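Let the sequences and hints guide you as you build the complete structure.
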Amino acid sequence: MATQKKLMMIASRGSLDWAYPPFILGSTAAALDMEVSIFFTFYGLTLLLKDLKPKVTPSGNPAMPMKMPFGPKWFQGLNWPMPNMIINNVPFFDSFVTAMMKKTFKNKGVASIPELRDICVEAGVKMIACQMTMDVFGFSKHDFIDGIEFAGAATALEIGSESDMQFFL
Amino acid sequence: MNVKEELDCRGMNCPLPILKTKKAIDHLAQGEVLKVTATDPGSCNDMDAWSRRTGNPIVDKNEGNGEYVFFIKKG
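Protein sequence lines correspond, in order, to chains A and B. Numbering-wise, the numbering used here puts 140 at position 140 of the first sequence, and it's gapless, one number per residue. Numbering-wise, the numbering used here puts 41 at position 41 of the second sequence, and it's gapless, one number per residue.
Just so you know, the hints here were simulated from the structure itself, not pulled from any lab data. This list has only true hints and no planted wrong ones.
As a list, the in silico SDA-like pairs of lysine to any residue whose alpha-carbon atoms are at most 20 Å apart: (1) LYS61(B) - ALA49(B); (2) LYS20(B) - PRO114(A); (3) LYS20(B) - ILE24(A); (4) LYS106(A) - ASN13(B); (5) LYS23(B) - GLU35(A); (6) LYS73(B) - ASP33(A); (7) LYS5(A) - ARG52(B); (8) LYS53(A) - VAL110(A); (9) LYS5(A) - ASP26(B); (10) LYS23(B) - ILE113(A); (11) LYS74(B) - ASP33(A); (12) LYS73(A) - GLY109(A); (13) LYS108(A) - THR37(B); (14) LYS103(A) - MET12(B); (15) LYS108(A) - THR39(B); (16) LYS50(A) - ALA123(A); (17) LYS108(A) - LYS20(B); (18) LYS6(A) - THR155(A); (19) LYS108(A) - ASP46(B); (20) LYS108(A) - ASN45(B); (21) LYS5(A) - GLY55(B); (22) LYS61(B) - ASN2(B); (23) LYS20(B) - SER112(A); (24) LYS20(B) - ILE113(A); (25) LYS106(A) - MET12(B); (26) LYS23(B) - GLY124(A); (27) LYS108(A) - GLY11(B); (28) LYS20(B) - GLU115(A); (29) LYS108(A) - CYS44(B).
Treat the numbers as computed from the prediction; the structure is a model and nothing was measured.
This is how it looks when you write it as C-alpha cells:
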C-alpha cells in the first residue's frame with residue numbers, strides 16, 4: 001500500500017453546486033485511505049448546519065446549462081437560454097432552478113449533499129468550522145452537526161502545511 | 001474465481017461506486033474477492049486509481065452491454 005497522503009480543503013462557498021466539490025473529494029479521498037481535513041469558512045460554513053439546504057442561482061453562474069431533467073432525450077438535450085430579466089425578477093426562480101438541478105443529479109445517480117456529508121462524517125473526515133464566520137453570521141454551536149471542531153486561520157494553515165494537497169474551493 | 005461478496009453499483013454515478021466499493025471491501029478478509037458491477041464509464045479509470053492507492057488489486061475485469069465488472073481482491 002502507498003504511504004498515507006493528507007488532503008486539506010478550504011470550503012468557502014455554500015451553494016448547491018459548490019457543496020459538491022468538498023464532499024465528493026472528501027469522501028473519495030477517505031475511500032482512498034487518505035487523511036482528510038476540511039475547513040469551512042464564510043458561506044462554506046453553512047454546509048455544516050444541521051438544517052442543510054443549499055441552493056443554486058443562475059444569476060451568479062452565467063455559464064450554467066439550462067436543461068430539463070425530464071422528458072425524452074432530445075428534450076432533455078435542449079438548452080433554454082434565460083434572459084437576465086427572468087433570472088433576476090421572476091419570484092422563486094432560484095428555488096425552481098435548485099429543484100431542477102437536484103432532480104437532474106438524482107436522475108443521473110449522483111448522491112445528494114446530505115448523503116455525501118454523512119459519508120464524510122462516517123469515514124472520519126475532520127471538519128472544522130470557522131469560529132470567526134460563526135460569530136459574524138450569528139450562528140451558535142448547536143446550529144451545527146455533531147463531531148466538528150471550531151477553530152481559525154492558524155489551525156487551517158497548520159493543517160495545510162502538514163498536508164500533501166491543499167485545495168481552496 | 002471464488003467471489004465472497006457482490007456489489008451492485010448499476011445506475012450510480014461518481015463517486016458512489018468507489019465509496020460503496022471501499023465500504024464493502026472493509027468487511028472482507030485478506031485474499032477474499034469482491035465483485036463490483038457498475039454502469040458509470042468513469043468508474044473504469046477511477047477503480048484503477050482507487051486500487052493503486054489502497055493496495056487492493058483488481059484481479060479481473062470485463063465489460064459488455066454498458067456494464068463494467070470488476071473483481072477486486074482484498075490486499
